[in-house]
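Trainee: The listed protein sequences derive, respectively, from chains A and B. With our numbering applied, the first sequence has no gaps in its numbers, which climb one by one up to 780 at the end. With our numbering applied, the second sequence has no gaps in its numbers, which climb one by one up to 242 at the end.
Keep in mind the hints are simulated off the structure, nothing from the lab. All C-beta atoms in this analysis are idealised placements derived from N, C-alpha and C, irrespective of residue type, glycine included. Do not rely on the hints blindly, as some may be mistaken.
Stated by the list, open to error - Computed Cβ-Cβ distance ranges for the label pairs, DEER-style:
{"id": "1", "chain 1": "A", "residue 1": "724", "chain 2": "B", "residue 2": "213", "range": "33 to 41 Å"}
{"id": "2", "chain 1": "B", "residue 1": "145", "chain 2": "A", "residue 2": "724", "range": "21 to 29 Å"}
{"id": "3", "chain 1": "A", "residue 1": "671", "chain 2": "B", "residue 2": "81", "range": "52 to 60 Å"}
{"id": "4", "chain 1": "B", "residue 1": "158", "chain 2": "A", "residue 2": "517", "range": "30 to 38 Å"}
{"id": "5", "chain 1": "B", "residue 1": "145", "chain 2": "A", "residue 2": "579", "range": "25 to 33 Å"}
{"id": "6", "chain 1": "B", "residue 1": "209", "chain 2": "A", "residue 2": "671", "range": "51 to 59 Å"}
{"id": "7", "chain 1": "B", "residue 1": "199", "chain 2": "A", "residue 2": "504", "range": "37 to 45 Å"}
{"id": "8", "chain 1": "B", "residue 1": "64", "chain 2": "A", "residue 2": "691", "range": "31 to 39 Å"}
{"id": "9", "chain 1": "A", "residue 1": "504", "chain 2": "B", "residue 2": "185", "range": "33 to 41 Å"}
{"id": "10", "chain 1": "B", "residue 1": "114", "chain 2": "A", "residue 2": "504", "range": "27 to 35 Å"}
{"id": "11", "chain 1": "B", "residue 1": "79", "chain 2": "A", "residue 2": "685", "range": "39 to 47 Å"}
{"id": "12", "chain 1": "A", "residue 1": "703", "chain 2": "B", "residue 2": "97", "range": "32 to 40 Å"}
{"id": "13", "chain 1": "B", "residue 1": "174", "chain 2": "A", "residue 2": "435", "range": "41 to 49 Å"}
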Amino acid sequence: MSDIATGSDLLWIARGHWEIFIATYLFLGGLSGGAYLTSVVSSELFRPRARGPDEIFACEETSRWGAIVGVLAIAVGGVALLSHLGAPLRALTFPVLFSNFGSWLVIGTWFIVLFALFVTIEAFWLLFGEEHAGSEGLSYVPRWIVARIDDALPLPEGWSIVAALDWLADRLRPTGRARRAVHAVGSVAAVGVIVYTALLLTDVSVVPLWDRQYLPIVFLMSGPSTGISAALLGTVASGGGLSRTNHLFCLADDALIAVETVTLVGLLVALSSGGPAAEQSYELLLSGAYFPHFAVGVLALGLVVPFGLSMTMTGLVRFTDVEHRWGSAFTGGFALKYVLVLAGGFLLRYALLFGAVKQPLGVP
Amino acid sequence: MGEQWGFYFDPDSCMGCNACAIACKNRHDTDAGHVDWRRVETVSEGEFPDYEETNVSLSCMHCEDAPCEEVCPTGAIEKRESDGIVTIDREKCIGCGYCGWACPYGAPQYGDDGLMQKCNLCLDKGPGSGADAPSKNEQQADGEALEPACVDECVGDALDAGPVGELLDKASQEAAERFEQNRTNVIIDSTGENSVTGMQGVRQATEDS
Ligand code: SF4
Ligand code: SF4
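Throw the hints in and build the complete structure from the sequences for me.
Mentor: As structure tokens, then:
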């Protein structure tokens, strides 16, 4: 509690039960859900309208990157969560052990299990199958890794893991309506994961920073925003930085950033006059110990700068032709924007955990 | 539902000597240093010469609505119907720390094993004990109930524990009225200058907001 100014006649309650691993987990949960949504939007909305090989390539790379990032993020997030627990192995028996369905930890765990299933199968379908054999694209790295394993293993003549996975993917992959239905259910699970990471916090009524009104909206914006950024960072790396797909996702991300910023400002205004614990959080985030993380990292570098950068680039793309002359500068600009959004998204969770202050007890 | 048990605390009589906290540590053999099932905090007000200090001895309040129980994923925490004592079954705890956040009083503690432990109103000795102990009412009828160590060792008679009805008989009217409006099982007396209204008020404030 040393970073809180001890006011008179108030008894402050210790906090800090969650450390950086939980911040990482909350961040990766939102990012994972957002990356899956990005993948689905790219496959369902953008891909059917894509014209020309470059656009088709950018859409497909975005779909694949979204799914791959989704799988990686939820896996690493899960490990981060487990590593924080006192009894991680016991937690693995959650289907039996987690009996309190009124707890957001239990509801969230089931959302994660369901979501992990959908995002993994999506990545599998997008990476394997006859049509993907011999395809080009940086996002095929997982496929390439399996092929290297194939080479390294002393398999009998004619045997191949890649071929087996291709065969399986083609047998399991639904098409048309069924595929859309899978995407719809997966998207519900993704939104569930994103929103639950906020509700887990807002269910704690003695921490005013974890505000029930504002926080779910902040997370609902930040999850997809970081998801888009991670997936499109992949697309940019694959060479799709100047594609229409990238421009559209970047604009969608800007809209999310705008709503997130306004909501965060609303939260700060509410905190500034919300009683002693709220005011302590306000101070910690805007001028105290977490000023660098929140005011600089989240507000300035994670929201305002990427938004400004994106708007400038979008304006230039729309009204001039400099994009084609300075292609690599634009590609670098988009990559920078996405990296900033990702760093800001992590710092947001970090600041929300470490800036949390419990209502003190009054001793008049 | 059996008779509900709770604590009584009178800040006017508390000298801040920490005997209660030490007695608790000794009885339950809790980790040295960072695990405190009971702690004494001093709250100051004003500046010299108008300076006043109030000592507050705090432990689990065995809340009537137990927010810790509501968030616990595994059902390890139980608000017992039989005596109102909130217990923790450490065989079920995964050490997620969620109860630590949910508790308005900072009662849940996490020792070296990372699992939750806290006051069990001396249902039994040691971390996690008491989860399956017979009701305090039964223990008392059988003459086997442990007197809470903190109450036993309190030098100034500031702490007491027992069935809430009995505690209310000894409390001032103000304290009793305040207790009726709040949801913990701790009766805070306010016979003198010092009252710990916030211990009850904070719950009210968060629920209203
Ligand atoms: S004081 Fe804290 S640990 Fe005890 S019952 Fe209330 S919420 Fe649970
Ligand atoms: S730390 Fe243990 S007792 Fe507390 S909420 Fe988690 S599982 Fe339940």
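Trainee: Look at each hint and say if it fits the structure.
Mentor: Hints versus structure:
1. A:724 <-> B:213: 33 to 41 Å: With Cβ atoms ~57 Å apart, the hint is violated.
2. B:145 <-> A:724: 21 to 29 Å: violated, 49 Å
3. A:671 <-> B:81: 52 to 60 Å: With Cβ atoms ~57 Å apart, the hint holds.
4. B:158 <-> A:517: 30 to 38 Å: holds, 33 Å
5. B:145 <-> A:579: 25 to 33 Å: Given a distance of about 51 Å, which is not inside 25 to 33 Å, the answer is violated.
6. B:209 <-> A:671: 51 to 59 Å: Since the Cβ atoms of residue 209 of chain B and residue 671 of chain A sit about 56 Å apart, the hinted range of 51 to 59 Å holds.
7. B:199 <-> A:504: 37 to 45 Å: holds, 44 Å
8. B:64 <-> A:691: 31 to 39 Å: The hint (31 to 39 Å, Cβ to Cβ) holds, given that residue 64 of chain B and residue 691 of chain A are roughly 34 Å apart.
9. A:504 <-> B:185: 33 to 41 Å: Since the Cβ atoms of residue 504 of chain A and residue 185 of chain B sit about 38 Å apart, the hinted range of 33 to 41 Å holds.
10. B:114 <-> A:504: 27 to 35 Å: Because 32 Å falls inside the window, the suggested range holds.
11. B:79 <-> A:685: 39 to 47 Å: Distance hint for residue 79 of chain B, residue 685 of chain A is violated at roughly 31 Å.
12. A:703 <-> B:97: 32 to 40 Å: holds, 39 Å
13. B:174 <-> A:435: 41 to 49 Å: holds, 46 Å
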